[in-house]
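There are 2 protein chains.
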Amino acid sequence: MEKKDRYNVAVVGATGAVGQKIIETLEKRNFPVGELKLLASARSAGQQVTFHGQTYTVEEARPEAFEGIDFALFSAGGSISEKLAPAAVERGAVVIDNTSAFRMVPEVPLVVPEVNPHMIGQHQGIIANPNCSTIQMVVALKPLYDAYGIERIILSTYQAVSGAGQNAINDLLDQTRAILDGKQPEPKVLPVGSLPKKHQQAFNVIPQIDAFTDNGYTKEEMKMVNETRKIFGDPDIQVTPTTVRVPVLYGHSESVYIETKDAFDMEDVVQLLQQAPGIKVVDNPAAQEYPMAVTAEGSYDTYVGRIRRDLFHPRGLNLWVVSDNVLKGAAWNAVQIAEYMVKTR
Amino acid sequence: MEKKDRYNVAVVGATGAVGQKIIETLEKRNFPVGELKLLASARSAGQQVTFHGQTYTVEEARPEAFEGIDFALFSAGGSISEKLAPAAVERGAVVIDNTSAFRMVPEVPLVVPEVNPHMIGQHQGIIANPNCSTIQMVVALKPLYDAYGIERIILSTYQAVSGAGQNAINDLLDQTRAILDGKQPEPKVLPVGSLPKKHQQAFNVIPQIDAFTDNGYTKEEMKMVNETRKIFGDPDIQVTPTTVRVPVLYGHSESVYIETKDAFDMEDVVQLLQQAPGIKVVDNPAAQEYPMAVTAEGSYDTYVGRIRRDLFHPRGLNLWVVSDNVLKGAAWNAVQIAEYMVKTR
Numbered sequence: 001m002e003k004k005d006r007y008n009v010a011v012v013g014a015t016g017a018v019g020q021k022i023i024e025t026l027e028k029r030n031f032p033v034g035e036l037k038l039l040a041s042a043r044s045a046g047q048q049v050t051f052h053g054q055t056y057t058v059e060e061a062r063p064e065a066f067e068g069i070d071f072a073l074f075s076a077g078g079s080i081s082e083k084l085a086p087a088a089v090e091r092g093a094v095v096i097d098n099t100s101a102f103r104m105v106p107e108v109p110l111v112v113p114e115v116n117p118h119m120i121g122q123h124q125g126i127i128a129n130p131n132c133s134t135i136q137m138v139v140a141l142k143p144l145y146d147a148y149g150i151e152r153i154i155l156s157t158y159q160a161v162s163g164a165g166q167n168a169i170n171d172l173l174d175q176t177r178a179i180l181d182g183k184q185p186e187p188k189v190l191p192v193g194s195l196p197k198k199h200q201q202a203f204n205v206i207p208q209i210d211a212f213t214d215n216g217y218t219k220e221e222m223k224m225v226n227e228t229r230k231i232f233g234d235p236d237i238q239v240t241p242t243t244v245r246v247p248v249l250y251g252h253s254e255s256v257y258i259e260t261k262d263a264f265d266m267e268d269v270v271q272l273l274q275q276a277p278g279i280k281v282v283d284n285p286a287a288q289e290y291p292m293a294v295t296a297e298g299s300y301d302t303y304v305g306r307i308r309r310d311l312f313h314p315r316g317l318n319l320w321v322v323s324d325n326v327l328k329g330a331a332w333n334a335v336q337i338a339e340y341m342v343k344t345r
Numbered sequence: 001m002e003k004k005d006r007y008n009v010a011v012v013g014a015t016g017a018v019g020q021k022i023i024e025t026l027e028k029r030n031f032p033v034g035e036l037k038l039l040a041s042a043r044s045a046g047q048q049v050t051f052h053g054q055t056y057t058v059e060e061a062r063p064e065a066f067e068g069i070d071f072a073l074f075s076a077g078g079s080i081s082e083k084l085a086p087a088a089v090e091r092g093a094v095v096i097d098n099t100s101a102f103r104m105v106p107e108v109p110l111v112v113p114e115v116n117p118h119m120i121g122q123h124q125g126i127i128a129n130p131n132c133s134t135i136q137m138v139v140a141l142k143p144l145y146d147a148y149g150i151e152r153i154i155l156s157t158y159q160a161v162s163g164a165g166q167n168a169i170n171d172l173l174d175q176t177r178a179i180l181d182g183k184q185p186e187p188k189v190l191p192v193g194s195l196p197k198k199h200q201q202a203f204n205v206i207p208q209i210d211a212f213t214d215n216g217y218t219k220e221e222m223k224m225v226n227e228t229r230k231i232f233g234d235p236d237i238q239v240t241p242t243t244v245r246v247p248v249l250y251g252h253s254e255s256v257y258i259e260t261k262d263a264f265d266m267e268d269v270v271q272l273l274q275q276a277p278g279i280k281v282v283d284n285p286a287a288q289e290y291p292m293a294v295t296a297e298g299s300y301d302t303y304v305g306r307i308r309r310d311l312f313h314p315r316g317l318n319l320w321v322v323s324d325n326v327l328k329g330a331a332w333n334a335v336q337i338a339e340y341m342v343k344t345r
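Protein chains in written order, with the UniProt record's numbering: chain A, 1 to 345; chain B, 1 to 345.
Be a bit skeptical, because a hint or two may be false.
The list treats identical chains as one, so a pair stands whether inside a single copy or across any two.
As the list claims (entries may be wrong) - Lysine-lysine pairs mimicking DSSO-like chemistry, simulated, CA-CA at most 30 Å apart:
(1) K343 / K28
(2) K3 / K343
(3) K183 / K28
(4) K261 / K197
(5) K197 / K3
(6) K280 / K183
(7) K280 / K188
(8) K188 / K343
(9) K219 / K28
(10) K28 / K188
(11) K197 / K28
Think of the hints as simulated: they come from the structure by calculation, not from any bench.
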């Protein structure tokens, strides 16, 4: 892509929870947008969306729509990306894909700008955005990885329902209202829209995100294993994940235990985290200050707190990591990749 | 205490969330109650409570109230236990104390009947009930501890607000209603009633339960470390806890990773758990079946699922452990200790 003053941008999945945040983020960041194309399924075509005070009509996503597009940001589900991303690339667009479709394809860079921006230059048309729960964890771990190395990670997540889309948000709100009204909740979407069984999510915790794989781990958990290794370019990191959905609207929280390769000093650890890009340290137990989902909502940063040495393992460290899953976990990370490409041109 | 047909029972904190469940549990289990004394603070005295169809009036808890009492079940806070438990013991009662007041006193047995019933016989008047989050974890780990030994435990909790009492339940419900009505929630109790700062718990996750200690871990976390060691009678188990409050009313969930001393076979692990007292295995990923807070509510059992071998560590095992924190985590464990003493007399 040559250097330009303005870039033509297509947003695929423009009416979804992440698509809307992408449009908002492009506006907020004053991304140099030339032509803007808002694409979605035929069902959503015709809807109107405002961008910088101008009204845009959502069009059906078709191969021809990518003619003349510089950046195509996809967040309409894996099957749409599989079908249309190659068509966009053929027409000269760079695809930044928010689905899992291409993440583990060896030639496709899997990028978190704070962690492995050097991979962006190696793209062959498609750049993949990692899974939301992976992104915030690798942002938090990057400075420690560089300073000490990381041997293993054992983590448990507290993930917001917005990670499962707008329907899941509505499902949680409807269930909650029913319970407060003394009625039986009727789960319709959660835990996994495409699977038969639905569970109560209101006032409940569900230890399933995405479908199960044969080894007893869910796909979400295996993403955290495989994507973390690919992003750090380190096939030896051992990741033990348990991913869990909690009745929260926005903001994933993660309880992360790591063992470093080299010894660390606690003051250095805190300083490294404070100085790292994209991280805000909130860690003042005496004042009851620590990261929380509701305070991270709406921010681009990854919040880190409850930083404490393991009581027994000399190279063990505990962290509490929180970020807005729809922003840094999806929309902002995608726009950030596009910004990086525009700036370093 | 001599063998009798009926035992005089005092419930201290009879109007609290746990006290009420103790009374319900004594009734449900048909515990051989002779005289029943319901005790509480002066503020709650005069309230009426029904037990086996008969109405009882709550009296103020004073030393003289324990005259002639065989079992005194305390759940009115640590300072009340410290003040009144010795008075009850002096008058010949066996105290089963649900607070943290005596748990770490060396002469006081800390008992979970499925795990260390042999300690009951060593009491000198007071038997302590462990912390709710510890109880369900040690029930789940007991058969594995016996079969393989346990070197270390790394765990993250998802704890219900009922663990902080009836006021915390009301606080969560009030906050939730406010948010659904489009109003600003006004947190009044959570995360810790006695501390100055209050946080939003509705649609939020709070990584603080009880006050912080100097090492950066909370008291709740240190309870899990110290109580687990005392209950197993094993000062070498390494416990790394992160305890977290989630917007759930009843039922604590726990993501538990362990490393055993000896190698294990997965089929044996499942069988050991299935055969262990107090455990129900719910683990059928293909059918989306796993333990959840809302399905554990009201049950005396500890539910275990998501049983899976670590992907990397040969002696690493992951479990998802759920139990009703007010029942097995408090009321039922206390009544169960009394039942054990009555049966083995």
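Status of the hints after comparison with the structure:
1. K343 / K28: within (17 Å within a copy, 70 Å between copies)
2. K3 / K343: within (9 Å within a copy, 84 Å between copies)
3. K183 / K28: between (41 Å within a copy, 26 Å between copies)
4. K261 / K197: Cα proximity of K261 and K197: none, with 42 Å in one copy and 38 Å across.
5. K197 / K3: neither (50 Å within a copy, 52 Å between copies)
6. K280 / K183: between (41 Å within a copy, 28 Å between copies)
7. K280 / K188: Cα proximity of K280 and K188: across copies only (27 Å, versus 36 Å in one copy).
8. K188 / K343: neither (44 Å within a copy, 48 Å between copies)
9. K219 / K28: neither (33 Å within a copy, 43 Å between copies)
10. K28 / K188: neither (34 Å within a copy, 35 Å between copies)
11. K197 / K28: neither (39 Å within a copy, 33 Å between copies)
The earlier numbered hints that this structure contradicts are 4, 5, 8, 9, 10 and 11.
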